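K.L.:
Sequence:
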Amino acid sequence: MNSVMFCVFDTVQTIWNNPFAAGLISGFATAMISTPTDYVKIQSQLADQTQPRLKLWNILYDPKTGRWITPRLLYRGHTANLAREGILTMVYLGVYHRTLSSMANGDDVIVQKDSLTVATTSSVTGSFAWIASYPCDTIKTML
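Residue numbers for the sequence shown follow the UniProt record's numbering, so the first one is 1 and each next one is one higher.
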């Protein structure tokens, strides 16, 4: 997911030179992967606690009906997840990029920073991103 997020962000950022739009679009791309994986994760967490954890096979295949799970079910809650991933990535990468750019004397090119600056900036922007996207995460999980 991180590979998709950063590749899409870099591509869109190069074309539009807008880190917030690039973050939003890269979040949408990430949601295509995270929606079905979140569905499987949540189903595993909701499994009857008296039995061993559900295996991936048992989540994706229903032996009672002899059917595989449908993509429609795997993408249940996708709209809420698009909102979550879009907002999270837009805030995280947009603010991160703008913050480091402002440290480079207004240049829109991020220069190499020391590890403490990168870690601090990443932590603060990540916190803002989760605060902004958490309501969508709750809705997505409930769906």
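These aren't lab readings, by the way, just hints derived from the structure by calculation.
Since the structure is predicted, the reported quantities are computational estimates derived from the model, not experimental observations.
Please note: incorrect hints may appear among the correct ones.
To be verified - Simulated restraints, written as ranges between beta carbons of each label pair:
hint : residue 1 : residue 2 : range
1    : S115      : N17       : 44 to 54 Å
2    : L46       : I15       : 13 to 23 Å
3    : Y134      : L46       : 15 to 25 Å
4    : I33       : G66       : 37 to 47 Å
5    : A119      : T14       : 49 to 59 Å
6    : K113      : T138      : 30 to 40 Å
7    : F128      : M32       : 19 to 29 Å
8    : N2        : L60       : 33 to 43 Å
9    : D114      : K64       : 24 to 34 Å
10   : V118      : R67       : 18 to 28 Å
11   : A132      : T65       : 14 to 24 Å
12   : N17       : G66       : 30 to 40 Å
13   : N18       : Y61       : 37 to 47 Å
14   : A132      : S44       : 45 to 55 Å
A virtual CB, placed ideally from N, CA and C, is assigned to each residue, including glycine.
K.L.:
Against the structure, test the hints numbered earlier, and report the numbers of the ones violated in rising order.
P.N.:
Failing hints, ascending: 1, 2, 4, 5, 8, 9, 10, 11, 12 and 14.
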